[in-house]
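Colleague: Taken in sequence, the protein lines are chains A and B.
Under the working numbering, residue 434 is the last one in the first sequence; the count climbs by one each step, no gaps.
Under the working numbering, residue 434 is the last one in the second sequence; the count climbs by one each step, no gaps.
Some clues are possibly wrong.
Copies of the same chain look alike in the list, so a pair counts if it fits in one copy or across any two.
Unchecked claim - Simulated pairs of lysine-lysine, BS3-like, Cα-Cα distance not exceeding 25 Å:
hint	residue 1	residue 2
1	Lys114	Lys240
2	Lys136	Lys118
3	Lys136	Lys114
4	Lys111	Lys407
5	Lys312	Lys407
6	Lys250	Lys312
7	Lys344	Lys424
8	Lys250	Lys393
9	Lys300	Lys114
10	Lys275	Lys424
11	Lys118	Lys133
12	Lys344	Lys275
13	Lys349	Lys391
14	Lys305	Lys133
15	Lys226	Lys275
16	Lys240	Lys136
17	Lys275	Lys240
18	Lys279	Lys349
19	Lys250	Lys275
20	Lys240	Lys391
It should be emphasised that the hints constitute simulated quantities derived from the structure, not laboratory data.
Number of protein chains: 2
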Amino acid sequence: MLEDKNQSRTSLEQLGEFGLINHITKHFKASNKSTVKAVGDDAAVLEKTDKQTIITTDLLVEGVHFDLSYVPLKHLGYKSVVVNLSDVYAMNAQAEQITVSIAVSNRFPLEAIEELYAGIQLACETYHIDLIGGDTTSSTKGMLISITAIGKADKEEIIYRNGAKETDLIVVTGDLGAAYLGLQVLEREKQVFKVNPNNQPDLDNYTYLIERQLKPEARKDISSLLKDMDVQPTAMIDISDGLSSEIMHICSQSNVGCKIYEDKIPLDPQVISTCEEFDIDSTMVALSGGEDYELLFTVSIADFEKIKGNPNLSIVGHINNKAAGLNLVTRAGQELELKAQGWNALENK
Amino acid sequence: MLEDKNQSRTSLEQLGEFGLINHITKHFKASNKSTVKAVGDDAAVLEKTDKQTIITTDLLVEGVHFDLSYVPLKHLGYKSVVVNLSDVYAMNAQAEQITVSIAVSNRFPLEAIEELYAGIQLACETYHIDLIGGDTTSSTKGMLISITAIGKADKEEIIYRNGAKETDLIVVTGDLGAAYLGLQVLEREKQVFKVNPNNQPDLDNYTYLIERQLKPEARKDISSLLKDMDVQPTAMIDISDGLSSEIMHICSQSNVGCKIYEDKIPLDPQVISTCEEFDIDSTMVALSGGEDYELLFTVSIADFEKIKGNPNLSIVGHINNKAAGLNLVTRAGQELELKAQGWNALENK
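Only chain A is shown next, with the shape it has when bound in the complex:
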């Protein structure tokens, strides 16, 4: 999954800003009917719609959010788009457009930018998204990517964080913790590589973890799955910072408490075996690991029969009144207060 280092190098100065924009965007074809005008004017234009418009934005900084020593640029481009789309899907909306702005130092040749945009294009094709604008500029250090995603949804279908009610069930999609562990594996291999650059890493036991870290997918499918099941969640958020932090956002904005059951948290077998190998607590990884880009939502208890047994969904707890607080019930039946520690909790371990 590493980059080919034997690439040719064309300096960005040779092209200039407008040349670079033309070069990059000529492979992108807008295909959504709502895109009236994409790249090429002072601004992009979207068709009028009888739906509401959803807007979200994220900023990714080299050395803070990604490490190019083990993140291939194509994967980085793909992931940068996916993390933004995830926020649109967390509103129960359909994503349709993105703008992409990048700042890059002169250490990046044109070929590197092409790789990045190849990943962006792949994500656009996979999720049926139009690239409609952006900005390219030089930076004094490193690479920075700023993406804004635009979507739409009927007013009645949009799900906010503030609608969770007492007795609602708490549901997560997919499984948790794998992306964080994937990062730990890649960081370990980076250290090994520093000591012995000829060492060929054997990553067979970690393929799922590494894929979840390097090429996560956003849950575009959940909106239609819920519609098919005739379930309208009461609150929803995407899991970018770990289950603990996200349920705290829902509880805080909905003015409620919650109870999460440790034995209900969905974990992939590779997460369990790798946690044993790394001697980390798998529950802690799921609660505080982050970057899973699964969805967390609450539904009325009346929807229990519709939800249970669905292989995409796990009921992990229920909403309580606010006074009861936010708690984790351990496998031993002990109740612990949930804390939003994010990655710090794991790094300071």
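Position chain B against the provided structure of chain A, taking the given hints into account.
Modeller: Coordinates of chain B only, in the frame set by chain A:
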């Protein structure tokens, strides 16, 4: 116009990301009816509309686009918003929302970020814009600001770059070149300050130039001015890179040529006197200086009587057929080919 250096310092780490977002955004109140949900969920939500939606984005990097040694943070915040709004107004649309993402190194205390957002807030109030989202993160070096502006307009009113027709008149708003000269004055003072930090600069002769550089305004007023005059431009663009570069965009996308008359280019008296002092050609400054954030548009020659004599507007030339090329007619009557050199033309002088 310089910052107070005796400010107290609160480190950003003390607040954390969510604390910082809450602290910054609590002073912002959304007031546009189209803003359904601003900051605080996975994404912002805008009301449905029978108009088209306009989206534009810009990325500003410290050391590339601004120099904090003479740009006060409040002015920087204001200008960062204005340059984005300018792109919306250049579509003949109304701007209503922005998202603001910033990456800052730990050399910036909370008080610096507050100054930046005070400027952003002032621009929001001045232009009646809602801050609806964004991202804050740490950077490994310097400050970076990414802003996306969202506006709307009736389909029939939107003006693209590609509608200019042969014989159309070429019109610019306001005057040109002052922002570039303001930067030259500030750069000169920076050099003086390095040699003698106790020198009190006398900037009385350059107040207009410095204001145009540090606190530019976007031409929100032109859309209604044109409507009142019953003039619908055939093409429009904002002047961020200098008149020469912008008219080339219009000609290229409209598949036409043009003739610009040197003696018609609107210049402020301070531009003329400062060009003499700096021994720079004022026409070159207007053509290649940039950052004026005025509007450049073309209108049918039938609108001549409506345009002429308006103190906000200057007719600087006319559109030609493509084969005639893009030319500047000098005061001496000589025809020179226009070149889009941007700031490089001036820096390599």
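Colleague: Look at each hint and say if it fits the structure.
Modeller: So, going through the hints one by one against the coordinates:
1. With identical chains, the CA atoms of Lys114 and Lys240 are at most 25 Å apart between copies only, with a shortest distance of 22 Å across copies and 29 Å within one.
2. Within a single copy, Lys136 and Lys118 get their C-alpha atoms as close as 14 Å, and across copies as close as 15 Å, so both meet the 25 Å cut-off.
3. Taking the shortest Cα distances, Lys136 and Lys114 sit within 25 Å of each other both inside one copy (24 Å) and across copies (24 Å).
4. Taking the shortest Cα distances, Lys111 and Lys407 sit within 25 Å of each other only across copies (24 Å), while inside one copy they are farther apart (53 Å).
5. Taking the shortest alpha-carbon separations for Lys312 and Lys407, neither the intra-copy value of 29 Å nor the inter-copy value of 55 Å comes in at or below 25 Å.
6. With identical chains, the CA atoms of Lys250 and Lys312 are at most 25 Å apart within one copy only, with a shortest distance of 20 Å there and 50 Å across copies.
7. In this assembly of identical chains, the alpha carbons of Lys344 and Lys424 lie at most 25 Å apart only when taken from the same copy (12 Å versus 67 Å across copies).
8. Within a single copy, Lys250 and Lys393 get their C-alpha atoms as close as 19 Å, which meets the 25 Å cut-off; across copies the closest is 64 Å, which misses it.
9. In the homo-oligomer, the alpha carbons of Lys300 and Lys114 lie at most 25 Å apart inside one protomer (23 Å), although the nearest pairing across protomers, at 38 Å, exceeds that limit.
10. Taking identical chains as interchangeable, the C-alpha atoms of Lys275 and Lys424 are never at most 25 Å apart, the minima being 31 Å within one chain and 49 Å between chains.
11. For the homomeric pair Lys118 and Lys133, the shortest alpha-carbon distances inside one copy (10 Å) and between copies (17 Å) are both at most 25 Å.
12. Neither within a single protomer nor between protomers do Lys344 and Lys275 lie at most 25 Å apart by alpha-carbon distance, with minima of 38 Å and 60 Å respectively.
13. Taking the shortest alpha-carbon separations for Lys349 and Lys391, only the intra-copy value of 18 Å comes in at or below 25 Å, while the best inter-copy value is 73 Å.
14. Within a single copy, Lys305 and Lys133 get their C-alpha atoms as close as 23 Å, and across copies as close as 22 Å, so both meet the 25 Å cut-off.
15. Taking identical chains as interchangeable, the C-alpha atoms of Lys226 and Lys275 lie at most 25 Å apart whether they share a chain (22 Å) or sit on different chains (23 Å).
16. When the C-alpha separation of Lys240 and Lys136 is checked against a cutoff of 25 Å, the pair qualifies both within a copy, at 7 Å, and between copies, at 17 Å.
17. Taking the shortest Cα distances, Lys275 and Lys240 never come within 25 Å of each other, neither inside one copy (47 Å) nor across copies (53 Å).
18. Proximity of Lys279 and Lys349 under a CA criterion of 25 Å is satisfied in neither setting, with 39 Å inside one chain copy and 64 Å between copies.
19. In this homomeric assembly, Lys250 and Lys275 never come within 25 Å of each other (Cα to Cα): the closest approach is 46 Å inside a single copy and 59 Å across copies.
20. In this homomeric assembly, Lys240 and Lys391 come within 25 Å of each other (Cα to Cα) only inside a single copy, at 24 Å, whereas the closest approach across copies is 44 Å.
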